[in-house]
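A.B. asks: For the protein sequence lines, the chains are A and B, in the order given.
With my numbering, letter number 24 in the first sequence gets 24, and the count goes up by one each step, no holes.
With my numbering, letter number 218 in the second sequence gets 218, and the count goes up by one each step, no holes.
Since the hints were made in silico from the structure, they are not lab data.
Heads up, the beta-carbon is just placed ideally off N, CA and C, and yes, glycines get one too.
Be aware that a few hints might be false.
Partial pick of chain B residues on the chain A-facing surface, computed with a CB cut under 10 Å [stated by the list, open to error]:
1) F23
2) I78
3) A82
4) S106
5) I132
6) Y143
7) C150
8) P154
9) L158
10) L162
11) V175
12) T229
13) A239
For lysine-lysine, the following DSSO-like pairs were computed, each having C-alpha atoms within a straight-line distance of at most 27 Å [stated by the list, open to error]:
14) B:K198 - B:K111
15) B:K196 - A:K84
16) A:K84 - B:K21
17) B:K247 - B:K196
18) A:K84 - B:K111
19) A:K29 - B:K111
20) A:K29 - B:K198
21) A:K29 - B:K247
22) A:K84 - B:K198
23) B:K247 - A:K84
24) B:K111 - B:K21
25) B:K247 - B:K111
26) B:K198 - B:K247
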Amino acid sequence: MHNTYVYLFIMAGVTYAIRVLPLTLIRGKIQSPFIQSFLYYVPYVTLAVMTFPAILSATQNTISAIAAFLTGILTAWLGFNLFKVAVSCCAVVFLVELFCL
Amino acid sequence: MENIVEKPKAQLSSLVAPHKKAFQEGIRDGIPIAIGYLAVSFSLGIAARNAGLTPLQSFLASFLCNASAGEYAGFTSIAEGASYLEIAIVTFIANARYLLMSCALSQRMEKGLSLFHRLLIGYDVTDELFGIAIARPGQLNPYYMYGAICISIPCWALGTALGALAGNLLPLRLVSCFSVALYGMFLAVIIPPSRKSKVLAGLVAVCFFASYVASVLPPLSQASSGTRTILLTLILSAAAALFFPIKENKEEEKDA
């Protein structure tokens, strides 16, 4: 029989190690232009990959999800800040689902 | 995001002020994240309860791990009575993208940043906090992260405990609304720079497309979404770095 607290401790330890090792071991600027470019692109690629198509199944119907996705792109393109983009997406989902469900 | 650029004066009194301001901005940007966390972690709490965890244990899990997919994978394994080694491996795979994020984040840190700050920031590199951190120009002020952490983590842990405690109380329609908030934030991070750079715009479009294809086409569609994220990130970032290497010192080194 396994102890739940040991489970949690292992999960926490592994998760922390993954995050903290690069932060503590990589000091200063990486010199290789390739690695530099790679790490420059990583955030954008990761966030883009995690956003689509996952957003399509985040809501209760696909239409509201598509509406939220387009709203997010449009408002971000127009230069709305983080909070306003997020709230606009939420509002669109709420409105679309109000009429569609 | 409005960006008030102040010329740093070499006065002692102005040494503390930037940290305070960064902390406050962290809290401000952390509020939408905290709201999103509350909703998402609520459903995570339901998964924790199904795995046999008490509300206290669910709270602890979220407070210590700060990882949605990683925790979810862990809870599923706990429910199956997995071995300790299995839990460790599952947690590693589900969270491996944080390894890449931390590598990227390390490049945004001041060279001489103390170990203490690095250990603290490492506590909470999540998708969302990473997103707002890299959206800021120049070097990362640790206090910005602390502000965002202070407001978002309690919500994350509390939401998980509430989910474990109360189950399906939150109306589905609200969960539906809140859950797109996180994606809205992601878009707010990646779209504005894409407007300025055709390469980034093209890359983001390719990412959307590739991610969609990978989600419907076997064998990648069989893999967990965490694994897909890692593979696509490695491949697409490497390809972009190969074909469109960035000019050195193009970004950052600007504000203090």
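A.B. asks: Of the hints given before, which are not true for this structure?
C.D. replies: 1, 6, 7, 8, 9, 10, 14, 18 and 23
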